[in-house]
Amino acid sequence: MEVFVVSLLNGLVYGMLLFMLASGLTLILSMMGVLNFAHASAYMLGAYFAYTISLYIGFWPALIIAPLLCGLIGAAIEMWGLRRVHRNGHIAELLFTFGLALIIEKVVQMSWGLLPVPYRVPELLDFPLFKVYGTQFPAYRAFMLAISALMFGAIWLGLTRTRIGLVIQAALTHPDMASALGHNVPRIFTLVFAAGTALAGLAGVIGGNYQVTEPAMAFTMGPIVFVVVVFGGLGSLTGCFIASILMGLIQTFAVVFDVSLADLLAKFGFVVTSSTPFAEVLNVTLPRVGALLPFLMLVLILVFRPRGLMGTRDT
Amino acid sequence: MTLLRRHWPWLLAIVILLAFPFLFYDWSKGRHSGFVLTLMSEIGVMAIFALSYNMLMGQAGLLSFGHAVLLGMGAYCAAHVVLLVKAGSFWLPTELVPLAGGLGGLFFGYVFGWLVTKQRATAFAMITMGLGELVSAAALMFMGFFGGEGGIPIDRVMDTSLVGVKYSSPWQVYCLVLVWAFIAAILMRLQTQTPLGSMANATRDNFERAQFVGYDPRMVRLYQFALAGFFAGIAGGLYVLIYEIVTFDTVSAAKSANALLAVYIGGAGGFFGPILGTIVVVLLQSGVSLLSNAWLLYVGVLFIVMVMYAPGGLIGLIFMHMPIWRAGRMRELLLPYARAFPPALLVLLGFVLMVELASFTTIGAAQGKKFSIAGHTIDTTTPMPWVIAIAALVLGGLWLRREARGFRERWDALMEGAKVASAKTSADAKIPLGKAQEAMS
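First to last, the sequence lines map onto chains Z and B.
Under the numbering used here, read the first sequence as residues 1 to 315, first letter to last.
Under the numbering used here, read the second sequence as residues 1 to 441, first letter to last.
The hints are simulated quantities; they were obtained by calculation from the structure and are not laboratory data.
Hints are not guaranteed to be accurate.
Derived SDA-like pairs: lysine to any residue, alpha-carbon spacing no greater than 20 Å straight-line [stated by the list, open to error]:
(1) Z:Lys131 x Z:Arg307
(2) B:Lys118 x Z:Val303
(3) B:Lys118 x Z:Arg307
(4) B:Lys118 x Z:Leu296
(5) B:Lys166 x B:Arg156
Covered stretches of chain B (in silico footprint by chain Z; criterion: 3 or more residues with CB under 8 Å from a CB of chain Z, positions within the stretch not fixed) [unchecked claim]:
(6) 40-46
(7) 121-134
(8) 137-145
(9) 305-316
Pairwise CB distance ranges (calculated) [said to hold, decoys possible]:
(10) B:Met330 x Z:Pro118: 54 to 60 Å
(11) Z:Leu72 x B:Arg31: 53 to 59 Å
(12) Z:Ser111 x B:Leu398: 24 to 30 Å
(13) B:Pro153 x Z:Gly158: 55 to 61 Å
(14) Z:Val132 x B:Glu149: 34 to 40 Å
(15) B:Leu398 x Z:Ala76: 15 to 21 Å
(16) Z:Ala154 x B:Ser286: 46 to 52 Å
(17) Z:Ala149 x B:Ser286: 46 to 52 Å
(18) Z:Leu264 x B:Gly269: 14 to 20 Å
Glycine included, C-beta positions come from ideal geometry on N, C-alpha and C.
Please work from the sequences and hints to get the whole structure.
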């Protein structure tokens, strides 16, 4: 039971972090059709900016400044890069963001070094908030939950209650119609791209000290965020939310349960020995498979339900 | 004789490739330069790999992010075959080890292809990425087949050669790589002319119409994917023979990215683009990485520049000159090129200096390296070199912009002239215009 509650809380924290990344990506992907490989790079940049800013003026200003910087970079990429490439089709856009992700990783390595930087949780939040069955729950995780819940609320209100939100929703499903009605769809694209990148930056600010701030963080996080977006389905923020939480829970629970298929078979009186066919596959324990699960989910969902959990159209 | 007349570029290429290592031959010791031979063998293997990647990207319009899976699986199969042959389970000549890798690649290409070819376009890109991550995670997990982090080491001296060669020296291996590279390249070239190759083009250009003609695009994609797996597997088999080890990096996302970069930089449209791209990428990777930490940055920037300004790749840039060449007016381009050259060089130098300064301040300092040009050690913490780099970049950029305008005017005028000339000759001699375009693609 205790393991369950603690894992549930950790899974929620991780899931909400994923949602902050994935929500921006899902908006960009469903509106513009651009599979943005550089999205996780914005997450990394957010973490590194926050680290540098927190060295000079502290963590709290960084919480605001770093995402804004990321947003500005996002707007610049959209206006001067993507728009130019747009003429050559979606594949060219995808390749452009892919090249950008490579360059950003290298630039980060060159600016901050190859090793992880000591980006730490601010002292103000560095204490255990409460104990669940003897396990401490750090206040910082609660803060992460609060920030991401706040962002979720803000996105939801912004999309459903404001005029610009309604236009974005319209452009999400019917971009041609929205532009025919006189809305400046390219400008909305820039706005959404910048906002999405800023959100990814914010995720980096609060996730960088929860995980490790290192140059490889973009390439470990990126594929998982893609899985979430595809799993949730294009054009659906709710689907994206469910998929993020699900992914967070799966990844945390997979680490906890130390069982393998062989154990499961043993319950039915089927003993796996080293001479059984596929003994190696059957003996692999769940924590070791944990890293593999998201990609298994990605392949399966694309094969059997390409529109994802709640998507409105095929990927 | 017709063979000589029609296929002279291939024969010339063989002669050049065989002669090239002798430029680096150490006559005093009487042996080849191992570095050059390994580098050229690597180029050969990666060229097969890039060409097989182009079977998907160029021919069928399928963007894969997990092509290294096929290379790696072929390599692992070949490694196991070598181990079995050494253990005496069966007999196989060393020369056919790449074929074993190819068959492994074909098998896995069919199996994985059955999963991934259900989708096309963006979904295909994502599903191959998922598959790539899946296999590279599995490679560390299952010791039996993949050998974990240590990989599977082999010994290529098998004493089962058909021609009585031991393959103990890099020169012998290089010759084997060359033979297989030519076989694979010719087969892939011929494959573009088969009905399958044409249908792959058709499903790329308009998959709905391909369906109306009565072909199942899914099957076209599947067969194309499996065949690409075969050739990637051959590359994998050669990889094993060169390095005598296969580890999980052969299936990694970085290897897949390498193929993508090489194909796109070289040009996915023409058959020979990927080979050109491979040469550029491998030389940057092996040559520049000796001098600088930032080779991937240079490749990445080159890639982005290609995506933004020259979607046809290097080969596309070369072929853009064809109409002017035909019109015999290349000479008029010499001056504009000469004028654009110094600012372009300035921008390049400024950029390289800037990147190197940045890389030596952080990574280089951590590794205890000093930045030196021609014997002069440069202190990267002083502002002076930075100012020079930025000034070169900005001034060169402005100058290049000015020259580019003049260049464009000249270019447009020449193109216009070439068009008029070619329209005239084609009207006179009734040469179909399509010929020229055919030659370009």
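Hint check results:
1. Z:Lys131 x Z:Arg307: violated, 41 Å
2. B:Lys118 x Z:Val303: holds, 6 Å
3. B:Lys118 x Z:Arg307: holds, 13 Å
4. B:Lys118 x Z:Leu296: Between Lys118 of chain B and Leu296 of chain Z the Cα gap is close to 16 Å, so the pair holds against 20 Å.
5. B:Lys166 x B:Arg156: It holds: about 8 Å lies between the C-alpha atoms, which stays within 20 Å.
6. 40-46: As far as the region 40-46 of chain B goes, the hint is violated, because 0 residues have Cβ atoms under 8 Å from chain Z.
7. 121-134: Per the Cβ count (11), the hint holds.
8. 137-145: Contact hint for the region 137-145 of chain B vs chain Z: holds, 6 residues under 8 Å.
9. 305-316: Holds: 3 residues of the region 305-316 of chain B have a Cβ under 8 Å from chain Z.
10. B:Met330 x Z:Pro118: 54 to 60 Å: holds, 59 Å
11. Z:Leu72 x B:Arg31: 53 to 59 Å: holds, 57 Å
12. Z:Ser111 x B:Leu398: 24 to 30 Å: holds, 26 Å
13. B:Pro153 x Z:Gly158: 55 to 61 Å: At 57 Å between Cβs, range holds.
14. Z:Val132 x B:Glu149: 34 to 40 Å: Given about 36 Å between the Cβ atoms, the range holds.
15. B:Leu398 x Z:Ala76: 15 to 21 Å: Roughly 20 Å apart at Cβ, these two residues keep to the hinted range, so it holds.
16. Z:Ala154 x B:Ser286: 46 to 52 Å: holds, 50 Å
17. Z:Ala149 x B:Ser286: 46 to 52 Å: holds, 50 Å
18. Z:Leu264 x B:Gly269: 14 to 20 Å: Violated, since Leu264 of chain Z and Gly269 of chain B (Cβ atoms, about 52 Å apart) do not stay within the stated range.
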